[in-house]
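Asks: One letter stands for each residue in the lines below.
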Amino acid sequence: DTGVSQDPRHKITKRGQNVTFRCDPISEHNRLYWYRQTLGQGPEFLTYFQNEAQLEKSRLLSDRFSAERPKGSFSTLEIQRTEQGDSAMYLCASSWGRRTDTQYFGPGTRLTVL
Amino acid sequence: EDQVTQSPEALRLQEGESSSLNCSYTVSGLRGLFWYRQDPGKGPEFLFTLYSAGEEKEKERLKATLTKKESFLHITAPKPEDSATYLCAVQYAMDSNYQLIWGAGTKLIIKP
Numbered sequence: 001d002t003g004v005s006q007d008p009r010h011k012i013t014k015r016g017q018n019v020t021f022r023c024d025p026i027s028e029h030n031r032l033y034w035y036r037q038t039l040g041q042g043p044e045f046l047t048y049f050q051n052e053a054q055l056e057k058s059r060l061l062s063d064r065f066s067a068e069r070p071k072g073s074f075s076t077l078e079i080q081r082t083e084q085g086d087s088a089m090y091l092c093a094s095s096w097g098r099r100t101d102t103q104y105f106g107p108g109t110r111l112t113v114l
Numbered sequence: 001e002d003q004v005t006q007s008p009e010a011l012r013l014q015e016g017e018s019s020s021l022n023c024s025y026t027v028s029g030l031r032g033l034f035w036y037r038q039d040p041g042k043g044p045e046f047l048f049t050l051y052s053a054g055e056e057k058e059k060e061r062l063k064a065t066l067t068k069k070e071s072f073l074h075i076t077a078p079k080p081e082d083s084a085t086y087l088c089a090v091q092y093a094m095d096s097n098y099q100l101i102w103g104a105g106t107k108l109i110i111k112p
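Chains as they are written, first to last, in our numbering: chain A, 1 to 114; chain B, 1 to 112.
Isolated chain B, as found in the complex (with noise of 0.2 Å):
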């Protein structure tokens, strides 16, 4: 069964300490791999899609990479203000209405 697994549920950290947060996947054909943050009471937000093992990609504080089994949410020095839910979506190739399988995320929390 195609899944989408991440880990940690939740996670504190300190203003500044830098951690991974993980996205697994089982589904067969990736097509693409998506990181969304979302605050609590809103919308999922965009933040990357990677498209093939090895990609990498940064944005301010965060960078994500992909392997053939899973992706990898960094987060760097981290500030209060990236406390979020952050989501991980696979889009895989044998889906012809191009659907998006999604994990449950990880509640980030940055405490000053």
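Only chain A is shown next, with the shape it has when bound in the complex (with noise of 0.2 Å):
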């Protein structure tokens, strides 16, 4: 069990251009969560996954972002025509999907639009 791994951990676009960013999860756990957070701010949600299926997703979440989960194993998150309101860090999270389970983040990604 190595835990929850990102890729990449930092990442510089310009305003304008697509990104994706791709989170493996500690194996055998069927959710996966997304979130977005500022600084001096908690995680905010973006989207979940129970195994391939994206169960919920933010009404705060802008339509350019969008979320994979194939075969219920990595997931990627990507952000078309980015802004640079988009600029923060993009955490993973993993769990076993029980009624009260605890969610393991990755080191994220942080994503700088200029």
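Bear in mind the hints are in silico, worked out from the structure with no lab data behind them. Where a beta carbon is used, it is the ideal one built from N, C-alpha and C, also for glycine. Hints are supplied without guarantee of correctness; some may be wrong.
[As the list claims (entries may be wrong)] With a Cα cut of at most 25 Å, we get these calculated DSS-like pairs of lysine-lysine:
1. K42/B - K107/B
2. K57/B - K11/A
3. K68/B - K42/B
4. K79/B - K68/B
5. K59/B - K69/B
6. K79/B - K57/B
7. K107/B - K57/B
8. K57/A - K42/B
9. K69/B - K14/A
[What the hints assert, rightly or not] Derived CB-CB ranges, DEER-like:
10. S28/B - N30/A: 25 to 31 Å
11. E81/B - E68/A: 23 to 29 Å
12. R59/A - E58/B: 25 to 31 Å
13. E28/A - A10/B: 21 to 27 Å
14. Q80/A - Q99/B: 21 to 27 Å
15. Q50/A - K57/B: 36 to 42 Å
16. N51/A - S28/B: 28 to 34 Å
17. F74/A - G16/B: 27 to 33 Å
18. S28/B - H10/A: 17 to 23 Å
19. S5/A - Q3/B: 28 to 34 Å
20. G3/A - E81/B: 16 to 22 Å
21. E28/A - E58/B: 24 to 30 Å
22. E83/A - E15/B: 42 to 48 Å
[Said to hold, decoys possible] Among the chain A residues that face chain B by a calculated CB cut under 10 Å, a handful are:
23. G42
24. P70
25. F74
26. T76
27. Q80
28. A88
29. T102
30. Q103
31. P107
Since each chain comes alone in its own frame, lean on the hints to assemble the complex.
Replies: Shown next as structure tokens:
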């Protein structure tokens, strides 16, 4: 068990470009979550998967954001036509999927949009 | 509205000076309360889960307690390496998607 991993750790892009992030959850965890975090705030929920099914997406999430989890393993988060307001830390977490279970986080991807 | 509030926003202590961080919540039907530690530029690291009022959990210099409306994270004789932001999150029974509601965190600085 090597923990949740995310790639890349840092991404700098120009406004209007598309970016894609990858998350590899802890093996055997069937739930996977994406969060966004800005300085001085707690994580903000974006979306989550139960196996390969995307069960919920934040109403605050723009249509420019899309996530996938093919085959219920790793997940990708894509942001199209990036804006400066998208600059943040993007966090991935995974859990077993029990009634009350603990989410384990990856190291995050720091996105800077110039 | 369901809410989680952490206080203080920041806390500066001398090494060895014990104190407590507070997490108050207004969610109805608590399913679980979680404490995480976050170092700058890293993802949150899990510390504790508390399920019911009266429950306590300990790990090294940290002890978490839970009442019906709040949780405390007590830190005893802290060391500089305990410096971090401590985040609290709650999961409530009415949410079938088991989402977490997060506080903004308390930034703890321990001076040698």
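Asks: Run every hint past the structure and note whether it holds.
Replies: Hints versus structure:
Between K42/B and K107/B the alpha-carbon distance is near 14 Å, which keeps this suggested pair within the 25 Å criterion. With a C-alpha separation of about 38 Å, the suggested pair K57/B and K11/A falls outside the 25 Å cut-off, and the hint is violated. For the given pair, K68/B sits about 31 Å from K42/B by alpha-carbon distance, which is inconsistent with the 25 Å threshold. Annotation: proposed proximity of K79/B to K68/B is violated, straight-line Cα distance about 30 Å (limit 25 Å).
Among the hinted pairs, K59/B with K69/B is consistent with the structure: their alpha-carbon atoms are about 22 Å apart, no more than 25 Å. Between the alpha carbons of K79/B and K57/B the distance comes to roughly 20 Å, so the proposed pair stays at or under 25 Å and holds. Restraint check for K107/B and K57/B: satisfied, since their Cα atoms lie roughly 21 Å apart, inside the 25 Å limit. Restraint check for K57/A and K42/B: satisfied, since their Cα atoms lie roughly 24 Å apart, inside the 25 Å limit.
Taking the CA atoms of K69/B and K14/A, the gap is near 45 Å; set against the 25 Å cutoff, the hint is violated. At roughly 28 Å, the beta carbons of S28/B and N30/A sit within the given window of 25 to 31 Å. For the hinted restraint 23 to 29 Å between E81/B and E68/A, the CB-CB distance of approximately 39 Å leaves it violated. Distance hint for R59/A and E58/B: a CB-CB separation of about 39 Å, inconsistent with the stated range 25 to 31 Å.
Separated by about 38 Å at the C-beta atoms, E28/A and A10/B break the suggested range of 21 to 27 Å. Distance hint for Q80/A and Q99/B: a CB-CB separation of about 25 Å, consistent with the stated range 21 to 27 Å. Range check, Q50/A to K57/B: about 28 Å between beta-carbon atoms, so the 36 to 42 Å window is missed. One distance hint, 28 to 34 Å for the beta-carbon pair N51/A and S28/B, holds here, with the actual separation near 30 Å.
Remark: the range hint 27 to 33 Å for F74/A to G16/B is contradicted by a beta-carbon distance near 44 Å. Between S28/B and H10/A the C-beta distance comes to about 40 Å, which lies outside the given range of 17 to 23 Å. Judged by the Cβ atoms, the range 28 to 34 Å given for S5/A and Q3/B holds: they are separated by roughly 32 Å. Distance hint for G3/A and E81/B: a CB-CB separation of about 20 Å, consistent with the stated range 16 to 22 Å.
At roughly 28 Å, the beta carbons of E28/A and E58/B sit within the given window of 24 to 30 Å. Between E83/A and E15/B the beta carbon distance is about 43 Å. The supplied range of 42 to 48 Å therefore holds. Evaluation of the G42/A hint against chain B yields a held restraint, the C-beta minimum of about 3 Å falling below 10 Å. Using the Cβ-Cβ criterion of 10 Å, the hint placing P70/A at the interface with chain B is not satisfied: the shortest such distance is roughly 21 Å.
Nearest Cβ of chain B to the Cβ of F74/A: about 16 Å, over the 10 Å cut. The hint is violated. The closest approach between the C-beta of T76/A and any C-beta of chain B is roughly 17 Å, which is over the 10 Å cut-off, so the hint fails. A hinted interface residue such as Q80/A counts as satisfied when its beta carbon comes closer than 10 Å to some beta carbon of chain B; here the least separation is about 24 Å, so the hint is violated. With 10 Å as the threshold, the beta carbon of A88/A stays out of range of chain B, its nearest partner Cβ sitting at about 13 Å, so the hint is violated.
About 6 Å separates the beta-carbon of T102/A from the nearest beta-carbon of chain B, less than 10 Å, and the hint is met. Taking 10 Å as the C-beta contact cut-off toward chain B, the hint placing Q103/A at the interface holds, the least distance being around 7 Å. This hint holds: P107/A has a C-beta 5 Å from the nearest C-beta of chain B, less than the 10 Å allowed.
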